[in-house]
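Chemist: Going down the list, the protein sequences come from chains A and B.
For the record, in the first sequence the residue sitting at position 474 is 474 according to the working numbering, with numbers rising by one throughout.
Remember, the working numbering sits 540 above the position in the second sequence when you count from 1.
Worth flagging that the hints you see were computed from the coordinates, not collected in a lab.
A virtual CB, placed ideally from N, CA and C, is assigned to each residue, including glycine.
Among these hints, one or two may not hold up.
Stated by the list, open to error - Far from chain B by the CB rule (all over 10 Å, computed), these chain A residues:
hint	residue
1	T48
2	E69
3	L105
4	G175
5	A276
6	V417
As the list claims (entries may be wrong) - Just some of the chain B residues that point at chain A, by a computed CB distance under 10 Å:
hint	residue
7	R557
8	K646
9	P647
10	V648
11	V654
What follows is each chain in one-letter form.
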Amino acid sequence: MPLSTPALEKALQTHGLVNPKRRMSARHEGGILSLAALLAATVFYLDTFTDIHSALATLYVITVLLSAETLTEKGTLFLSVICGSLAIFSYLTAHGLQADLAAALRLTVALAALAITCALVIRNQRARLHLLRFNADLRSSEERYRTLFEQGRVALWERDYSDVRKMLMRLRADGIQDLRAYAREHPAFIETCIARVPTIAANAAALDLLGNVDPKVRAGDVRAIRRYIAQDDATFLELLVAIFEERRHFEGRGTVITADGTSKLVLLTVGFPQDAADFNRVVVGMFDITERETAQKALFDAQAELALASRAATIGALSASLAHELNQPLGAVVVNAQTLQRWLDRDPPDLAAVSRSAERIVRDSQRASDIIQSTRSMLGNRPPAFELVSLPDLVLETRTLLESELLRARAVLDVEVKEGTPVVRAVRIELQQVLINLITNALHAMAVTPEAERRIGVTIEATDAAGAVVRIRDTGPGLSPEVFKNLFKPFCTTKETGLGIGLAICRSMLEARGGTLTASNHPDGGALFDMTIPIEADHD
Amino acid sequence: MSITPVIAIVDDDPSIREALDDLVLSCGYRSRLFSSAEAFLADADRAAIACMLVDVAMPGLSGIELQAALNETPADKPPMIFMTSYRDERTRAAAMDGGAYAFLGKPVDFNQLVRCLEDALKHPG
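Let the sequences and hints guide you as you build the complete structure.
Modeler: Below is the structure:
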């Protein structure tokens, strides 16, 4: 029988009875099958031709078990049926059709054992097959992920946030609710966290982003990458807050330092896993937005410069034309007044002439005043665009606009929106101009403040009257009495390059719509500017 | 008999014209008013004029151009006192080169103008 095994096996295989995916060597498998066949033959012989009164047929089970690894589901079923048939055949040979209760019972037990074993083996096989398929799927999924990771054009890092997550969860369990406040109180906190986020892998695009990095990194020692990822504290803190609040996604802007020392602005996106256990491999994507930012910055600078230049030009042209227009009536007033004096000084005074001069003085003064009036109405006759403005949105948008200024000044801008802040109807660009002016002023004022303390707080809340107030506070030295006195006067400036018309224009712009702009020093230090905005702006 | 000197006032602005007219009157002179350089040139009876008060910037011919036009005529030219709101050196030099008696800024210094006027009448040219 062992001699015919290969042929038999081939035949079995073609009928789909033998598992084509061998896990053991062919010889090994053949051996097992032969052994099983031999065993079946022995059991059959003993069962049929000897007179042993026991459930010998039960031993067929071993045959099924032995060949379970090698046979397919169909094969196992087939083998079980053969074994069962052999047992029945032996019974019939020995006992014929006479009822022998003990023998019949033994046969039943043997058949039941066979059936149960067959069922168990098949179930086991199915489970194994399922597991195999699952493993294969997992492997190909992992492969796809690797391919994506390695060959994607997006710079990707795998970083281990599990340590930091544990730390944050512990803080939360300790009752910390506001992580930002906690970070403010513990200046070393962020640094500690950064040190606890090791980089596990980086793809080719990530290394390209960094330029010619350390050979150690190229060689796969990605821990050396840490010094390139200069996530600025503010962005990293926001990322920590996202983990702290168990958000699934984070997006922010950060800086990376390339190998040649230049810094690049990147858009940072992080998808956090649902399962805490997976925080050991969090994928961080970075898009280089330096060029876009630079272009945007240049555009913004150009716009600001243009606005300033046209403002200056307008003022220049305006004052020239006003000076010219006013010079005539005012000159006439002066001459008339002095002539009047001469008529009075005569002996006797020429009162008729005095009266004539006085009339002219009145008329010419009136003319001067008319000129000013008409200039004002000429300036105000462009119809302003009123729209509904959400102040929080406007402040956030302005912060984005000034982001590079804030980064450069190493200052943080916090926005706090108190409940019940109304939407106002106003000229959006005017409000934004005022905001830009005040925030830029605050940044200039904080040049002398230590970097870690440069903070601009913008608070938005409703006022008692129908309106809202936006408070802008900085951590600069505050307003000196000297500066304070002239703050809102035109052409007063503390800056080398400024025209000094900023605050004066800001105030008049707000006042023209029924708002106000006031300045004070905060009791805890720093300057505080309050701009109040009515819900419904005045239409001139 | 003493003839009351006649002062010509050439200025496009009526208020200034009137004010200067009154001033001249209070000084004891008579005046004749012209609203432009062209109006002055068109006047046939210029011989009686003892002195001129001229605005520099006027629509049409400017004060400087009026001076040039008068310099081209053979007749004697009365002393010219210029007044301007634009105190630029070039215009001033042009006026003085053209033989101006004085070049005053606007708004005019009253006493300076009166003194200037009296001097010009005493020592014409």
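Chemist: A separate judgement is required for each hint: does it hold in the structure or not?
Modeler: Here's how the hints hold up against the structure:
no., hint, verdict
1, T48, "holds, 137 Å"
2, E69, "holds, 110 Å"
3, L105, "holds, 134 Å"
4, G175, "holds, 75 Å"
5, A276, "holds, 80 Å"
6, V417, "holds, 54 Å"
7, R557, "holds, 9 Å"
8, K646, "holds, 5 Å"
9, P647, "holds, 4 Å"
10, V648, "holds, 7 Å"
11, V654, "holds, 9 Å"
When each numbered hint is compared with the structure, no violation occurs for any of them.
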